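Given only the sequences and the hints, what does the whole structure look like? Please build it.
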Amino acid sequence: MNLHYKPNIPITTWAEEDRPREKLLLHGRRALSDAELIAILIGTGNRNESAVDLSKRILHNFQNDLGVLARLSVQELSKFKGIGEAKAITIMAALELGRRRKETENGRVTKITCSKDAYELLRPVFEDLTHEEFWMLILNKANKVVGKNLVSKGGWASTVCDPKVVFKTALEYNAAGVIVAHNHPSGNLTPSDADIGLTGRLVSGGRLLDLPIFDHLIFGDGCYYSFADEGKMPGMR
1 MNLHYKPNIP ITTWAEEDRP REKLLLHGRR ALSDAELIAI LIGTGNRNES
51 AVDLSKRILH NFQNDLGVLA RLSVQELSKF KGIGEAKAIT IMAALELGRR
101 RKETENGRVT KITCSKDAYE LLRPVFEDLT HEEFWMLILN KANKVVGKNL
151 VSKGGWASTV CDPKVVFKTA LEYNAAGVIV AHNHPSGNLT PSDADIGLTG
201 RLVSGGRLLD LPIFDHLIFG DGCYYSFADE GKMPGMR
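At position 219 of the sequence shown (counting the first as 1) the number is 219 in full-length UniProt numbering, and the numbers step up by one without a gap.
Hints in this document: simulated from the structure, not taken from any laboratory.
All values reported here derive from a predicted model rather than from experimental measurement.
The C-beta atom is built at its ideal place from N, Cα and C for all residues, glycine as well.
There's no promise every hint is true.
[As the list claims (entries may be wrong)] Computed cross-link-like contacts, BS3-like style, restricted to lysine-lysine with a CA-CA straight-line distance of at most 25 Å:
#1 Lys141 x Lys153
#2 Lys81 x Lys116
#3 Lys111 x Lys23
[Said to hold, decoys possible] Between beta-carbon pairs, the in silico distance windows are:
#4 Leu24 x Lys102: 30 to 36 Å
#5 His60 x Cys223: 25 to 31 Å
#6 Ser192 x Arg47: 46 to 52 Å
Following this line, the structure appears as structure tokens:
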């Protein structure tokens, strides 16, 4: 066991190479554990724990899963002694920057050749959501993404998508095709009757406008359902 992490021993008394900030300067950011990185964010612990010990306890409480941590609210983080509103906001901001970085990197894949391409492009958008959102990818004739737009935002169990909004947005981009997607925070990928009905209305409207709806994706926890892959797009055999 690393004695430098023993509770009640302030970080300022640690050997310099073991202090998170100094360790980062000496060995680089990848040498630090998740707890040490969070400790840098929060700066101080509480009367009984160093910043690193407090960070370890927070991570342990969520099975060391940063994905779960990223979904917490300010109020949930503030339940830990030593984490006030300011520190909670700092943690949330850092995790959100990490999510946006992944979104930027995935955004480099601009040509859609299969449902997996659309999934990878939209995955960072849905990754940490605890409510439903409905998004659309707008494609040109070369199947390259020219737009990625939020259509609607709802609650934990549903969101309302207005097909008129989808088609208005697509026409503004002079789109050649559209892929729509929404998430199920419960993780259940089974399309609901409302999902099936909406897909049918979108496909029908697209036919009238000569604007094909190529697919409808449902995002779960690290996985997805594709109407097109399952042969469930109306008109598919």
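For each hint, the structure was consulted:
| no. | hint | result |
| --- | --- | --- |
| 1 | Lys141 x Lys153 | 29 Å, violated |
| 2 | Lys81 x Lys116 | 42 Å, violated |
| 3 | Lys111 x Lys23 | 41 Å, violated |
| 4 | Leu24 x Lys102: 30 to 36 Å | 21 Å, violated |
| 5 | His60 x Cys223: 25 to 31 Å | 26 Å, holds |
| 6 | Ser192 x Arg47: 46 to 52 Å | 50 Å, holds |
When each numbered hint is compared with the structure, violations occur for hints 1, 2, 3 and 4.
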